[in-house]
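Construct all of the structure, not just a fragment, from the sequences and the given hints.
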Amino acid sequence: MSIFPPSPQTPILSTHKLSLLFDEGQTRALDGVDIEVGEGEFVAITGPSGCGKSSLLNLIGTLDTPTSGDIHFRTQPYSALRDLSLFRRENIGFVFQSFHLLPTLSALDNVLVPTIGRPGDHQERARALLTKLGLSKRMNHFPAKLSGGERQRVAIARALINDPDIILADEPTGSLDSANAAQVLDVLDGIRREKELTVIMVTHDASVSARADRIIRMRDGKVDAEVAA
Amino acid sequence: MNLLRFALDNLYRRPARTALTVSAISLGIAAVVALTSIAWGFEASWQKANDARGTDLIVTRIASENTMPSPFVAEQVKPALSAIPHVREVVGLLSEMLTVSEDAPPVFVFGWAHGSYLWEHLELKNGRWPAEDGEAAIAIGSLAAEMLHKQVGDQIEIEGRMFGVAGIFESSAMIENGALLMTLTQMQQITDKPGKVNILNIKLDSQTSEADIEAIKAQVRKTLPGFIAITSGELVQKNAVVRISKAMSNATILIAGLVGALVVFNTMLMSINERTREIGILLALGWQRRTVVKLIVGESVILTLAGGVIGILLGILIATGLEHLELMRGKIAAIFSFPFLFSVLGLSVLLGICGGLYPAIKAARLQPAQALRQE
Amino acid sequence: MTMRCILLLLGAFALPAYAAEPTAATLVETMKQARLSEGFEARMEVATILPNGHRAMPFKLSVVGQIGAERQRLRVRGISPDKVRGRFVAAERNADERIRTIAYDEQLPRSIEKADPAARLFDSGLVLWDMFGAWWSWPQQAIEGSDRIDGRTCTLVRSRTDDGTSPVREVLSCVNGDGKLSLRTQLFDRRHRLLRTIAVKQTMRKESGALAAKKLTVTEADRTATEVEVYGGDEHYLVNADTYAPLDNGK
Numbered sequence: 001m002s003i004f005p006p007s008p009q010t011p012i013l014s015t016h017k018l019s020l021l022f023d024e025g026q027t028r029a030l031d032g033v034d035i036e037v038g039e040g041e042f043v044a045i046t047g048p049s050g051c052g053k054s055s056l057l058n059l060i061g062t063l064d065t066p067t068s069g070d071i072h073f074r075t076q077p078y079s080a081l082r083d084l085s086l087f088r089r090e091n092i093g094f095v096f097q098s099f100h101l102l103p104t105l106s107a108l109d110n111v112l113v114p115t116i117g118r119p120g121d122h123q124e125r126a127r128a129l130l131t132k133l134g135l136s137k138r139m140n141h142f143p144a145k146l147s148g149g150e151r152q153r154v155a156i157a158r159a160l161i162n163d164p165d166i167i168l169a170d171e172p173t174g175s176l177d178s179a180n181a182a183q184v185l186d187v188l189d190g191i192r193r194e195k196e197l198t199v200i201m202v203t204h205d206a207s208v209s210a211r212a213d214r215i216i217r218m219r220d221g222k223v224d225a226e227v228a229a
Numbered sequence: 230m231n232l233l234r235f236a237l238d239n240l241y242r243r244p245a246r247t248a249l250t251v252s253a254i255s256l257g258i259a260a261v262v263a264l265t266s267i268a269w270g271f272e273a274s275w276q277k278a279n280d281a282r283g284t285d286l287i288v289t290r291i292a293s294e295n296t297m298p299s300p301f302v303a304e305q306v307k308p309a310l311s312a313i314p315h316v317r318e319v320v321g322l323l324s325e326m327l328t329v330s331e332d333a334p335p336v337f338v339f340g341w342a343h344g345s346y347l348w349e350h351l352e353l354k355n356g357r358w359p360a361e362d363g364e365a366a367i368a369i370g371s372l373a374a375e376m377l378h379k380q381v382g383d384q385i386e387i388e389g390r391m392f393g394v395a396g397i398f399e400s401s402a403m404i405e406n407g408a409l410l411m412t413l414t415q416m417q418q419i420t421d422k423p424g425k426v427n428i429l430n431i432k433l434d435s436q437t438s439e440a441d442i443e444a445i446k447a448q449v450r451k452t453l454p455g456f457i458a459i460t461s462g463e464l465v466q467k468n469a470v471v472r473i474s475k476a477m478s479n480a481t482i483l484i485a486g487l488v489g490a491l492v493v494f495n496t497m498l499m500s501i502n503e504r505t506r507e508i509g510i511l512l513a514l515g516w517q518r519r520t521v522v523k524l525i526v527g528e529s530v531i532l533t534l535a536g537g538v539i540g541i542l543l544g545i546l547i548a549t550g551l552e553h554l555e556l557m558r559g560k561i562a563a564i565f566s567f568p569f570l571f572s573v574l575g576l577s578v579l580l581g582i583c584g585g586l587y588p589a590i591k592a593a594r595l596q597p598a599q600a601l602r603q604e
Numbered sequence: 605m606t607m608r609c610i611l612l613l614l615g616a617f618a619l620p621a622y623a624a625e626p627t628a629a630t631l632v633e634t635m636k637q638a639r640l641s642e643g644f645e646a647r648m649e650v651a652t653i654l655p656n657g658h659r660a661m662p663f664k665l666s667v668v669g670q671i672g673a674e675r676q677r678l679r680v681r682g683i684s685p686d687k688v689r690g691r692f693v694a695a696e697r698n699a700d701e702r703i704r705t706i707a708y709d710e711q712l713p714r715s716i717e718k719a720d721p722a723a724r725l726f727d728s729g730l731v732l733w734d735m736f737g738a739w740w741s742w743p744q745q746a747i748e749g750s751d752r753i754d755g756r757t758c759t760l761v762r763s764r765t766d767d768g769t770s771p772v773r774e775v776l777s778c779v780n781g782d783g784k785l786s787l788r789t790q791l792f793d794r795r796h797r798l799l800r801t802i803a804v805k806q807t808m809r810k811e812s813g814a815l816a817a818k819k820l821t822v823t824e825a826d827r828t829a830t831e832v833e834v835y836g837g838d839e840h841y842l843v844n845a846d847t848y849a850p851l852d853n854g855k
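Residue numbers (this note's numbering), protein chains in the order written: chain A, 1 to 229; chain B, 230 to 604; chain C, 605 to 855.
One or more hints might be untrue.
[Claimed, not checked] If we take Cβ atoms under 7 Å as the criterion, some of the chain B residues that face chain A in the derived model are: (1) I291; (2) A513; (3) G515; (4) T520; (5) M557; (6) A598.
Read the hints as simulated data drawn from the structure, not as lab findings. Heads up, the beta-carbon is just placed ideally off N, CA and C, and yes, glycines get one too.
Encoded structure:
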């Protein structure tokens, strides 16, 4: 549950003149990006490699801090957040291209990793999530025994375990064949609708971005175009 | 899934490194346990020998380490001591470390004044005590009997004289169990020191207070130049071997502690460098920075605690093994006190915290985005 | 002027520069003083190792001594094993510097016979003559530089005698001045052949602060080595009236 309640008037997320410089100012990854994402929206960010789409996702996910500009989560500016990791835990779920599952942990334990250090028993919720994602028979399998699609579904379950409001997915289908990719996207979309989640997904694949409500196209660190899918 | 299981899993993922680190720490801890327990045992055994005898004060010549043996004529000092208030009995003792058998290391040979209170604390297991001052008979400690393969009725040659083994005794002090015991007169004869003793044991009456003991010490210092009166504890503290062994155990604790902390530090630093990206993922998944600190310090404490437990067992094994070594028998009795072993465990935990804290803070300070980019 | 005179003159001028260094005479006097004792006893274990490496059965003996300026007396008693038990060798050195030695057996009171002070004691490298340190009263003493033995510096002193009756004619000692102990003593015969070397391996401190040997090794010309370890004794031994009785009776 979020500590910042939703309001129909404001978008869940908005960026304001967001800039990010790399290499001591030599490289401009983002250059004055202004976007808004509405509650429950499914947004795809696309563009050629190096256009700044992953950097934008990292900033939204508080994994990096902008050189200038700010991001608002509902009414809350990121710059006023005192504990970024707490904010991340409460509000954001990450899905990566290469899954980033821990090889020595079972599917179930991998889902539980984000709950470590939080009080309470999360086992039942983890099981329920995995069952919902069609992995009821694979819970005690190790990542090496799972297919790519299954691994990404475990990763999605992991992103959901802390009940976030936003899922940030960085090329979630980049390591999958088209059949598996389609399945993963189905799962992601289904969960989004069911839980009224906001999903922001980075992808360079047009067939993947086509699943989104809206596509933000980027080029050279700037928003190039915003189109409805 | 909790932090402990996660930490254990991380260590389990790198079995070779974990095993090496644990063995390095356990060796250090083993050295600490073995040396310290022996040093304490040594001290306690001497102390026990003096305490068991019921001696309250010991009067001896002031001597420094590694000096010529210089026993003194008992009668020059004894009358003055006997005249001091509260002094009940003054008993001479002459001892030397002597080789009495080709195939056994040197043993302590004690000469105690016949009929004195010194004999009272021993328990006769077999045979009898030397019947009179002039009898060429000895009583031997149970451990000495075993080491020299002697029993009641056998003969032992000491400094060229034959002595019959009259009895075998048991003492609460290991040093006495490994010793041969004869009357003072006999000891003086065989070592060619008629009338001389190494120390005079003083038994005080029951009304003596701590202040009285201090007064007696001061009086001895004043009236008997060259002599000191000390309690058995102080004598033990002055014992060169006790001092050396304690110094060695302290040095070992220091060195093992330092090396242990460095080993853990190095291991954990290597470990977090290898896991930079993983830590980035954990942070991205919503881990609090303090959870990362807890994880890394937890891992290093698990390492040192495991090393500590194995080291304690190994140390006990080493010390016990040394006790049974022919050369050492009857000379060391390691003491493993629970408070000490718990302190060693505490030391292990401290090592883990000290060695793990910096790597942990370093890991927690990682920028998640940067960490994620790392291969 | 002869060469010798020049050297003497040079020596005389050079002397003040080395005032801190002990002269042969003061060093020898120090050694003589350090040896003085109203009575001492030392018990030692002696092990002889033949040149072929064979180790003889070790034995124990006790040495009782009284070292005065005029008269010096030593009595050696075999303690164990049977081979040496109860066997005595006693010797006396008087102002005339002759050493008179007798040998006797405890069990046979009338067995007293004359003995050679230069003889080996109980088939070991120990020699009674050496224990008297007679060379410290020889007239010719010269300092020949310094050496380092086991980390201790010592001054080399060469002592010579022309006395034809002396079994040893020349002794080279390396004296540690602080400890008043010769750390290494080499004894030569009249043809300058090395008879034996006495090397101190471990020391202990006397009440006076001077050092005494705790362990030493005597190596003879044929490379027989004798290891001696003092394991017991008394720095203030009360010499009995009858300790030297056989010496007195044997006169």
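Exercise. Among the hints numbered above, which are violated by the structure, and what are their numbers in rising order?
Worked result: 1 and 5
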